[in-house]
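Colleague: Protein chains in written order, with this note's numbering: chain D, 1 to 214; chain Y, 1 to 211.
Read the hints as simulated data drawn from the structure, not as lab findings.
Quick caveat, the model's predicted, so the values are computed rather than measured.
Treat the hints with caution; some may be incorrect.
Mimicking DSSO-like on lysine-lysine, the simulated pairs with C-alpha atoms at most 27 Å apart in a straight line are [unchecked claim]:
#1 Lys208(D) - Lys11(D)
#2 Lys131(D) - Lys11(D)
#3 Lys33(Y) - Lys173(Y)
#4 Lys173(Y) - Lys22(D)
#5 Lys131(D) - Lys22(D)
#6 Lys36(Y) - Lys206(D)
#7 Lys33(Y) - Lys206(D)
#8 Lys36(Y) - Lys104(D)
#9 Lys208(D) - Lys33(Y)
#10 Lys208(D) - Lys22(D)
#11 Lys171(Y) - Lys36(Y)
#12 Lys179(Y) - Lys65(Y)
#13 Lys173(Y) - Lys65(Y)
#14 Lys208(D) - Lys96(D)
#15 Lys65(Y) - Lys171(Y)
#16 Lys206(D) - Lys173(Y)
#17 Lys208(D) - Lys179(Y)
#18 Lys33(Y) - Lys22(D)
#19 Lys65(Y) - Lys75(Y)
#20 Lys33(Y) - Lys179(Y)
#21 Lys11(D) - Lys206(D)
#22 Lys22(D) - Lys11(D)
#23 Lys208(D) - Lys107(Y)
#24 Lys96(D) - Lys65(Y)
#25 Lys22(D) - Lys179(Y)
#26 Lys208(D) - Lys171(Y)
Listed next, with one range per pair, are the computed distances between beta-carbon atoms [claimed, not checked]:
#27 Glu106(Y) - Thr73(D): 43 to 49 Å
#28 Asn183(D) - Ser200(Y): 38 to 44 Å
#29 Val71(D) - Ser197(Y): 43 to 49 Å
#30 Ala129(D) - Val9(Y): 45 to 51 Å
Glycine included, every Cβ here is placed at the ideal spot set by N, Cα and C.
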Amino acid sequence: MSNKESLFSAKNRQLLLGPLSKENPVIVQVLGICSALAVTAKLEPAIVMALSVTAVTAFSNVIMSLLRNTVPTRIRIIVQLVVVATLVIIVDQILKAFAYDVSKQLSVFVGLIITNCIIMGRIEAFALANKPWASLLDGIGNGFGYGLILIIVAAVRELLGSGTLLGFHVVPQAFYNFGYVNNGLMILPPMALIIVGVIIWIHRSKNKDLIENN
Amino acid sequence: MENLLDIFVKSIFIDNMIFAYFLGMCSYLAVSKTVKTSFGLGVAVVFVLLITVPVNYLLNNYLLKAGALTWLLGKEATAIDLSFLSFIMFIAVIAAIVQLVEMVVEKFSPSLYNQLGIFLPLIAVNCAIMGASLFMQERDYANVGEATVFGFGSGIGWLIAIVGIAAIREKLKYSDIPKPLRGIGIAFIITGLMAISFMSFLGIDLGGLSN
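Use the sequences and the hints to build the structure in full.
Modeller: Here you go:
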């Protein structure tokens with residue numbers, strides 16, 4: 001019986017840790033890039049976005065997993081959208097109440113969590129066929145896998161683009177005195193795409209089995 | 001009139017959905033292997049944007065915005081602000097309209113349905129559609145005409161982007177790319193380069209009508 005297996009068995013650990021590298025939602029499954037990259041110019045909004053998406057993915061997975069036997073297949077998409085939209089509204093209201101500045105920076109991208117493909121993708125691919133606990137782990141794992149990429153991209157862009165991390169100056173003043181200049185291109189949108197491309201390159205050269213043939 | 005043209009050009013080139021905001025990237029990367037299919041998806045996106053943005057504009061202005069209900073309930077309704085409901089409202093409208101468009105196209109133009117049919121369900125969760133409605137809400141356009149033009153322009157911008165990358169990816173089959181970079185990796189980098197080239201449009205002077 002699967003009920004007997006411990007809460008953190010090897011299989012469940014795999015659900016949690018797999019999405020960090022081998023099954024990463026962004027760089028391997030190519031999901032959820034839509035709303036992600038625009039918030040990576042600075043580290044702080046990227047972290048907030050990562051946490052919001054993790055929360056929504058985890059809870060929507062649990063809710064849909066609990067409902068999986070009661071919702072008719074034909075109307076499941078609309079039910080999923082309603083569940084996800086409700087969770088996103090809650091996240092948005094919380095952000096507006098407790099982190100107003102970040103919420104302003106994120107602007108429309110909080111709303112766009114609804115259409116983030118990771119959430120719908122994980123519900124369809126996992127939560128509809130698995131028990132709530134496993135779905136929760138899968139949701140958290142994928143949320144963190146997504147957050148990991150977001151934070152790497154944001155850290156690179158903020159460090160090279162503004163010389164800061166989380167708003168603190170990291171590049172010492174002495175460097176600037178020697179003629180070091182912040183790379184303004186890093187703050188502009190195109191660099192987010194190129195950095196993700198480079199991350200994929202590095203990741204695949206470490207994991208040869210992920211290489212595409214065409 | 002000039003104002004409309006201004007919004008149109010701006011939404012295609014300067015505020016391009018893909019290159020400036022990365023919206024709709026999932027289907028952009030997944031469906032951009034051949035020019036033909038990506039053109040089909042692009043047309044479907046334009047079509048759906050053209051309908052959903054004005055509909056959501058009307059809903060936002062006559063139902064959701066702070067004080068929007070005064071036309072119905074009189075002066076005392078100025079305090080009512082339903083804008084927290086906008087996410088769920090917009091996504092419901094989009095899902096319903098996509099379904100409706102799918103049914104209408106299937107009924108009246110089976111040939112078009114054969115080309116677009118498979119893409120239409122994908123569009124309900126395309127971030128570009130939802131994103132356009134949210135930008136429309138945030139930028140607070142003056143009338144429904146402006147909102148429509150914005151929706152149409154955003155769609156055209158998305159279409160240009162996806163057809164462009166598909167054409168490049170068709171040629172890429174013959175290039176010698178480092179193995180780990182093949183497929184999705186190089187697609188990202190090319191999109192980045194395309195985005196840099198689109199940034200040259202930032203310098204366009206639109207006659208000072210917009211800020």
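Colleague: All the hints need checking, so say for each whether the structure fits it.
Modeller: Now the hints, each set against the structure:
1. Lys208(D) - Lys11(D): Cα-Cα ~24 Å, so holds.
2. Lys131(D) - Lys11(D): holds (13 Å)
3. Lys33(Y) - Lys173(Y): holds (10 Å)
4. Lys173(Y) - Lys22(D): holds (26 Å)
5. Lys131(D) - Lys22(D): holds (23 Å)
6. Lys36(Y) - Lys206(D): Violated, at about 35 Å.
7. Lys33(Y) - Lys206(D): holds (26 Å)
8. Lys36(Y) - Lys104(D): Roughly 39 Å between the alpha carbons, so the hint for Lys36(Y) and Lys104(D) is violated.
9. Lys208(D) - Lys33(Y): holds (23 Å)
10. Lys208(D) - Lys22(D): holds (11 Å)
11. Lys171(Y) - Lys36(Y): The given pair, whose Cα atoms are some 14 Å apart, holds under the 27 Å limit.
12. Lys179(Y) - Lys65(Y): Cα-Cα ~52 Å, so violated.
13. Lys173(Y) - Lys65(Y): violated (50 Å)
14. Lys208(D) - Lys96(D): violated (44 Å)
15. Lys65(Y) - Lys171(Y): Given that 27 Å is the threshold and the Cα spacing comes to 48 Å, the pair is violated.
16. Lys206(D) - Lys173(Y): Within the cut-off at roughly 23 Å; holds.
17. Lys208(D) - Lys179(Y): holds (9 Å)
18. Lys33(Y) - Lys22(D): Satisfied, since the Cα-Cα distance of roughly 24 Å is no more than 27 Å.
19. Lys65(Y) - Lys75(Y): Within the cut-off at roughly 15 Å; holds.
20. Lys33(Y) - Lys179(Y): holds (18 Å)
21. Lys11(D) - Lys206(D): Answer holds: Lys11(D) to Lys206(D) is near 24 Å, not above 27 Å.
22. Lys22(D) - Lys11(D): holds (15 Å)
23. Lys208(D) - Lys107(Y): Status violated; Cα separation ~48 Å.
24. Lys96(D) - Lys65(Y): holds (17 Å)
25. Lys22(D) - Lys179(Y): holds (17 Å)
26. Lys208(D) - Lys171(Y): Status holds; Cα separation ~24 Å.
27. Glu106(Y) - Thr73(D): 43 to 49 Å: violated (20 Å)
28. Asn183(D) - Ser200(Y): 38 to 44 Å: violated (19 Å)
29. Val71(D) - Ser197(Y): 43 to 49 Å: With a Cβ separation near 46 Å, Val71(D) and Ser197(Y) satisfy 43 to 49 Å, so the hint holds.
30. Ala129(D) - Val9(Y): 45 to 51 Å: holds (47 Å)
When the structure is compared with the earlier hints, violations turn up for hints 6, 8, 12, 13, 14, 15, 23, 27, 28 and for no others.
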